[in-house]
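2 protein chains.
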Amino acid sequence: MSYGLGIRVDEGLIFAADNRTSAGIDHVSASRKMHVFERAGERFLVLITAGNLSITQTLLHRLNEAQTDSKKSKNADRTLQKAPNLFACAEVVGHALREIEKTEAAPLARHGVPFDVSLILGGQIKGEKPGLFLIYPPGNFIEAPDETPYVQIGERKYGKSILDRTVTHKSSLAAAAKAGLLSFDAAIRSNASVGMPIDLIAYVKDSFSGAVERRMGTDDPYLRTLRTMWNDRLAQSFAAMPEPDWITYRLKNPSR
Amino acid sequence: MSYGLGIRVDEGLIFAADNRTSAGIDHVSASRKMHVFERAGERFLVLITAGNLSITQTLLHRLNEAQTDSKKSKNADRTLQKAPNLFACAEVVGHALREIEKTEAAPLARHGVPFDVSLILGGQIKGEKPGLFLIYPPGNFIEAPDETPYVQIGERKYGKSILDRTVTHKSSLAAAAKAGLLSFDAAIRSNASVGMPIDLIAYVKDSFSGAVERRMGTDDPYLRTLRTMWNDRLAQSFAAMPEPDWITYRLKNPSR
Chain A
19 MSYGLGIRVD EGLIFAADNR TSAGIDHVSA SRKMHVFERA GERFLVLITA GNLSITQTLL
79 HRLNEAQTDS KKSKNADRTL QKAPNLFACA EVVGHALREI EKTEAAPLAR HGVPFDVSLI
139 LGGQIKGEKP GLFLIYPPGN FIEAPDETPY VQIGERKYGK SILDRTVTHK SSLAAAAKAG
199 LLSFDAAIRS NASVGMPIDL IAYVKDSFSG AVERRMGTDD PYLRTLRTMW NDRLAQSFAA
259 MPEPDWITYR LKNPSR
Chain B
19 MSYGLGIRVD EGLIFAADNR TSAGIDHVSA SRKMHVFERA GERFLVLITA GNLSITQTLL
79 HRLNEAQTDS KKSKNADRTL QKAPNLFACA EVVGHALREI EKTEAAPLAR HGVPFDVSLI
139 LGGQIKGEKP GLFLIYPPGN FIEAPDETPY VQIGERKYGK SILDRTVTHK SSLAAAAKAG
199 LLSFDAAIRS NASVGMPIDL IAYVKDSFSG AVERRMGTDD PYLRTLRTMW NDRLAQSFAA
259 MPEPDWITYR LKNPSR
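Quick note, the sequences are listed as chains A and B, same order. If you're matching positions, the first sequence starts at 19 in my numbering and goes up one per residue. If you're matching positions, the second sequence starts at 19 in my numbering and goes up one per residue.
Errors might be hidden in some of the hints.
[As the list claims (entries may be wrong)] Now the stretches of chain A that chain B is said to cover, found in silico as 3 or more residues with beta-carbon under 8 Å:
(1) 178-185
(2) 189-196
(3) 202-208
(4) 222-230
(5) 250-257
Simulated from the structure, these hints should not be mistaken for lab results. Where is the CB? At the ideal position from N, CA and C, for every residue including glycine.
Chain A on its own, in the form it takes in the complex (with noise of 0.2 Å):
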């Protein structure tokens, strides 16, 4: 497993992966979770994969390869640089996953391997506000409703609280990123599966280019000091709980 994040406020989109990809306690690596496809000034989209990673890698090969393709053939639209909008983005990667699955789910089957993909496809084409999209394995999708401000695949139970508890589509973009920081050092610190470092895109609403895009692992002076503090604060505010009473009075009259 792993986690994969993208959150949707008034300014702009933020998306979150972490780089922990287990093929059995043995074979723990890291891996590239997050994927721009980009036409300055036009479009701005970001894929992020979790799941198995033959079957994501195929993926991200084939849209790649249908870009290149689209140069001459007259399938132009049917690539994630081209395709008229985001619901035609989605189409776009549902169908190549359709397509992967016809040659890679009966060997996988044979073998006890699930055909086992999740993907958060977001991002703003021209025309449009940004959107974020979830689709499953059988390539179908559906798009995050305007009340709903993250998606997330993965390793998701963990992280969800915090996220929950602190964003609204009123949150700064800053404010998101925090929280999704947070949300996926509670999914590290719960689940050994989720691990860094993490990557983080920061898209401002209508800018179609330029996303900041960071990498920060267990030495990032920013993540080091977030983690750190949550903590504190988290303990402190704990202690200063009140505790349940009817406890207290029990363990001091133990004869009763």
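With chain A fixed as given, assemble chain B onto it according to the hints.
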């Protein structure tokens, strides 16, 4: 799903469970998931159940039946009231589960329903220290090692982060209860299948009786204070944390 939790600290044990039972969206009702087996002065045991309600109710029925029957038979050692130690008690539960599986698993499987049940058994028997066991659908089980202060069943991921940050074996029993309730708060906020009220039992080590038991709903004053204060504190802490200046800089310098 639902959520069950057992915490072990030096002062004693905390048990907690929610009360949501869901057989689909239309049928949401409450059901007791914590069950006490006690012999005053000699043993105090708690069984928390999660999973298919028909299986867990049958299990409870069989365990209680065995206790009644044992008074007139030679199988007294095979009951939760008479088994000589906690390990033997876990065997009693595992054995009962295997007997139920013999008749129930196949009919359920014909309707596509898995034999899904998970259990926490914890408590203390005179002559032993307090212990916590996790019991799985096949009837096998593990004991939580000394360095593990808590065990969870059901929707456990949402509320794991807060436990990892706040509970060690040195925590007071009251602090462990507080952490447990905050863990439930996180699960309830993030997952519709975990619901109020919360049942909580606090057992003082070496007391062998007189555990404190509380059922807390949304109108419980302590729980309400805890939830409100915690949410406020988290929001304050989040706001007080530094934001990534490279995003702030990008927003102020859109041309770069």
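So, going through the hints one by one against the coordinates:
1. Proximity of the segment 178-185 of chain A to chain B, defined as three or more residues with a beta carbon under 8 Å from a beta carbon of that chain, is established by the 6 residues found.
2. A count of 6 residues in the segment 189-196 of chain A with a Cβ less than 8 Å from any Cβ of chain B is obtained; the coverage claim is therefore met, three being the minimum.
3. A stretch counts as covered by a chain when three or more of its residues have a beta carbon under 8 Å from one of that chain; for the segment 202-208 of chain A and chain B the count is 3, and the coverage holds.
4. Requiring three or more residues with a Cβ within less than 8 Å of a Cβ of chain B, the coverage given for the segment 222-230 of chain A holds, as 4 such residues are present.
5. With 5 residues bearing a CB less than 8 Å from a CB of chain B, the segment 250-257 of chain A meets the requirement of three and the coverage assertion stands.
Consistency with the previously given hints is maintained throughout, with no hint failing.
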